[in-house]
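So the protein sequences, as listed, match chains Y and X.
Counting from 1, one number per residue, gives the positions in the first sequence under the working numbering.
Counting from 1001, one number per residue, gives the positions in the second sequence under the working numbering.
It is worth saying that the hints were derived from the structure and are not from the lab.
Heads up, some of the hints might be wrong.
[What the hints assert, rightly or not] Stretch-level coverage of chain X by chain Y, calculated; a stretch enters the list once three of its residues show a Cβ under 8 Å from a Cβ in chain Y: (1) 1035 to 1049; (2) 1104 to 1116; (3) 1123 to 1130.
Glycine included, C-beta positions come from ideal geometry on N, C-alpha and C.
One letter stands for each residue in the lines below.
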Amino acid sequence: MKKILTAAFTTLVFATPALAQNVSVDVTNLTNAIYFTPLLVATHPESTHLFKSGTAASANLQTMAEGGNTAGLITDLMGISADISDNPAGGLLAPGASTNATFPKGGQNTHLSLVAMMLPTNDGFVGLDALEIPNATGTYTYFLNAYDAGTEANDEIINGGGATGTPGIPADPGGNNGTGATGVTTTENNMMVHIHRGVLGDMDLVAGKSDLTTNIHRWLNPVAKIVITVN
Amino acid sequence: MKKYPTFVMGTLLLATLALQACSDSDDRASAGTTMRSYEVTVVNLTNNQPFSPLAAILHKSTYQGMTLGASASPGLETLAESGDNSPFLADANANTAVSDTASGAGLIASGTQETVMLTGSETRLTLASMLVNTNDAIAALNGIELGNMALNEVMTLHARAYDAGTEDNNEANSDVPGPAADGEGFNATRNDRDFVIVHPGVIGMEDGLSTSVLTEAHRFDNAVAKITIKRTS
């Protein structure tokens, strides 16, 4: 947790000394071979959005979606006193793997968001946009979709390109990729944040249009499960 | 705005007069007794599947615009194959279980949105719109209950893509009406399984269907639309 408990939260804890109130969030990667870059999970006020589908990505969201760098989004969140879990998995969250982030309950940070780049993609990310955290004690399960930031053409060429505005995919952490691709496309039709159409891939490891592998890298939504436990 | 028989409306107004006199902003009176308005905004979340003009219908549970696993009505077939929503909306307007309908003004391009208004005493919402670069795919909400919404409450939903099942998904230039092709729209011949299912997605010319006019850019996954509903009165 980045943030020290606020005075408001401390007061709340003292007011209800018998209960250790918190919100625990378990995250599981449900894809076959797509890795999540270091997750950014946060609780924040209702009006905060790391992204909004149907609108253009912020520069900081673009940086996260194209290269996995969450520093800019974390700065944004610190500016509004969000509670932040930066990189709870301590690195990549592999297919099938789970991690946990825990937040204080109560106060201004009533909503939950999550983002992480999906590797290997050009600008795909797993996203949760300002979900209202349930008030009542209990366990709640949600499924998350893969979004396309709309900022980079999905050429599916693995060339190390992770910097903002640089074409290409940084890497495939699973090592299931090919090389020598000529590129799937050079354009992005929908330049707003939208639901990712999935990857094409091909079955040629040394040539073809895509460096991704059709029978390994594809996914269908949902791509992640979160279980929120309100204590 | 669908016309109500005067007698029925009069009765409903009298029956709810006492309640309305003391109702507050949190009024949750039972369905079918109070006129309410909803602002319905549809955002196209696909990469390259423009949506045909929306059909939005406010109704009670006895109206069913679409039934999963069952044959599509001719109105739904027309909407799903050509994007023309007029027969589907005409059928709804003729149904006594429907209290209002609205048509979108035009195509909703990917990444854009449109808002329509519905006002009526019933509390279920059905929405349908064709993904025009397909044979017969529709984005739809099928009878969502709005009766628990408080005044000014906002609800966000996501819609998935369904396959009307009335036209073979050949993805051929001659049969896809959207801008990706120049094919025909509605054809009364039903040459597919003839029941509504969740859409399996499009294949495209790069992925093994060499006769497809579609490319990888026309592929989609769910959800295909974000729907924001605000109860405004």
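Taking the numbered hints from earlier one at a time, note which ones the structure violates and give those numbers from smallest to largest. 3
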